[in-house]
Amino acid sequence: MPNSALSVSGLSYSFGQVRAVDNLSLEVAAGEIVGLLGPNGAGKSTTIRMLTGQLRPDSGSITILGHPMPEAREAIQARMGVCFEEKNVYDAMSAVENLRFFASLFGIKRFDPIPLLTRVDLAGRADDRVSTYSKGMRQRLMLARSLINEPDILFLDEPTDGLDPVSSRTIRDLIKDQAARGAAVILTTHDMFEADELSNRVAFINEGSILAVDTPEELKLAHGQRAVKVRSRDDGVITEIVVPLDDPDATEQLRQAMSAGHILTIHTEEATLEDIFVEYAGRGLTA
Amino acid sequence: MIRKILLKDLSLGPRSPMILWALVLPVVLTFAFRMVFGGLFNTEPRLGIVDLGDSDVTEAAAQLEGIEVTFLDDAGELRRQVEEGNLDAGLVLEVGFDDLVRSGAQPQLQFWVGGDSLASNRIILGVTALDLVRTMSAVDSPVDVSVVPIGDQGLELSVRMLPMLVIMAVAIAGVMVPAASLIEEKTRRTLSAMLVTPAQLKDVLVAKGLLGTILAILTGVMTLLLNSAFGSAPVAILLAITVGAIMMAEIGLMLGSWAPDTATMFAAWKGGAILLLFPVLFTIWPTLPQWIAKLGPTYYFLQPIFDLSINGATLADVAPQLAIAAVICVALLPIVMRFGRSLEGRLVGEAKHQRPALTNA
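Residue numbers (the numbering used here), protein chains in the order written: chain E, 1 to 287; chain B, 1001 to 1361.
Fair warning: there could be bad hints in the mix.
Stated by the list, open to error - In silico DSBU-like links for lysine-lysine, alpha-carbon gap of 35 angstroms or less:
id	chain 1	residue 1	chain 2	residue 2
1	E	Lys87	B	Lys1294
2	B	Lys1270	B	Lys1202
3	E	Lys87	E	Lys109
4	B	Lys1294	B	Lys1004
5	E	Lys87	E	Lys229
6	B	Lys1270	E	Lys109
7	B	Lys1294	B	Lys1270
8	E	Lys109	B	Lys1294
9	B	Lys1294	E	Lys135
10	E	Lys109	E	Lys135
11	E	Lys176	E	Lys220
12	E	Lys229	E	Lys135
13	B	Lys1294	E	Lys176
14	B	Lys1294	E	Lys220
15	B	Lys1294	B	Lys1202
16	B	Lys1004	B	Lys1270
17	E	Lys87	B	Lys1004
18	B	Lys1202	E	Lys135
Keep in mind that the hints were calculated from the coordinates and are not lab data.
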């Protein structure tokens, strides 16, 4: 892959007898957002932990930004950002103190945390202790922390899990910004809407294995029913007509449906990522 | 990197209950021990005298040893000072008091005793006052009192408690602070957050060890200063405290690396602290066989501190013991490193006997 930021081949890890990650391979390009989509216990977080050097793989190889992990761990970690699933910030410190401390670990001198905190809507509470923050604020602080070193590769483990829509929106916008400036983003989620909205490509993970990797559009096209559903009302009677787009006379059927009365709604009948995941895994994302 | 982590921990100090406790402990312990075993509030009995007639008693009182004598001009002021507890007792010598005593007239002597004064001080001052008057009179004492010291002629118990105070202060700061700090980083997973930056586990361990060492030195010095026990060889005492602090911090790192949570840490401390503390028992009770104390590693810095501060020893006198303490510190290093590697193994999942805590696969 040109501009490869991450290359993983045959990655495996077991917790005792439990195979958490099984022969996983993946390529991620610079500026690309790849969503690892799967239910709890699918192996997403274990994969992230191996990719970030927190866990040593049983087998397989990881190359990040041209360096092997974990052999070149320090060099990689200097250019890497990680946002954890757990809210592991220092509660007794303020947001400013948290960011300044981590900036110092990256060797950044005279770091000004305010611009970063402004981007995550925390500038107004910058000097307050983190122990007074809500879950969403902590999550935004963690995301800000992962961006301190303007990373070339960003790992986000369930970045919007349990957050309100406003916080989720802030975080998603920030993730898109990172990809736009050229950072590779690998995020785990079991939220199909988030994966759909954010990801250039989605990798379905179940029981430690990648079942499919493709763009959300391609997956939906490949697995969905290409059809349009038209609901209309005529003399108080609501009718619903589904027009398969692959039919040779689809255009005519659609024209008839559109003239059948007062149109209430028109929907495309494509599959959701969850539908496709169920098709692959035989189980839902929330299982 | 080490400096940055250490500075972070030090800046968190005022917000860390364990560090605050470690710093307050020497003061609390000193007060508690002195309250129980005497010393802190054992001030000399305080006697106030108002001499209205140039009495010889005043001159004799000025020569008294072991009693703090204050001379005032006004009986009202004396009474007020006694009532407020500034003096334990007050004596008013009227004009012509000496002449009346010598003539056998038995004049009235006003002797005020403070209600808040210690009973022992009241007795001492009462007897002293009578003795002062008697020696001034021409009448010989009906008995000749012979003072014979009895009992152990060694150091007071309050002095022998000093090593206990020192080890408690140094051990709490040296062992518990780095252990608790490391465990907190593990359980809150801030350690993981640090370890995905260029910081390495060894940086974290060294920083925690330095934190414990610095605080242990500080609390050790505080304890000695509070007990006026810095002796005449402060540099040597500082050296002994430093060696002890390093030893305690090494043990703290082992405890922090091993214990998965603070409950386990405290349980281990309750069970294992006796191994660190037992040598002080042999200072408190010197009749016990002293060779047993030498089995404890802490003996080799506690005994030098005791000898330097109390027994007037020099650095040369305690050098062999301090050398042994230094050897113990060096010997502990590979063990600390082994614990560190074990912790790293658990963090990166090499120890697969159990699934790592907080992992959401």
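**Request:** Kindly indicate which numbered hints from before are broken by the structure, ordering the numbers from low to high.
**Result:** Of the numbered hints given earlier, those the structure breaks are 1, 4, 5, 6, 8, 9, 12, 13, 14, listed in rising order.
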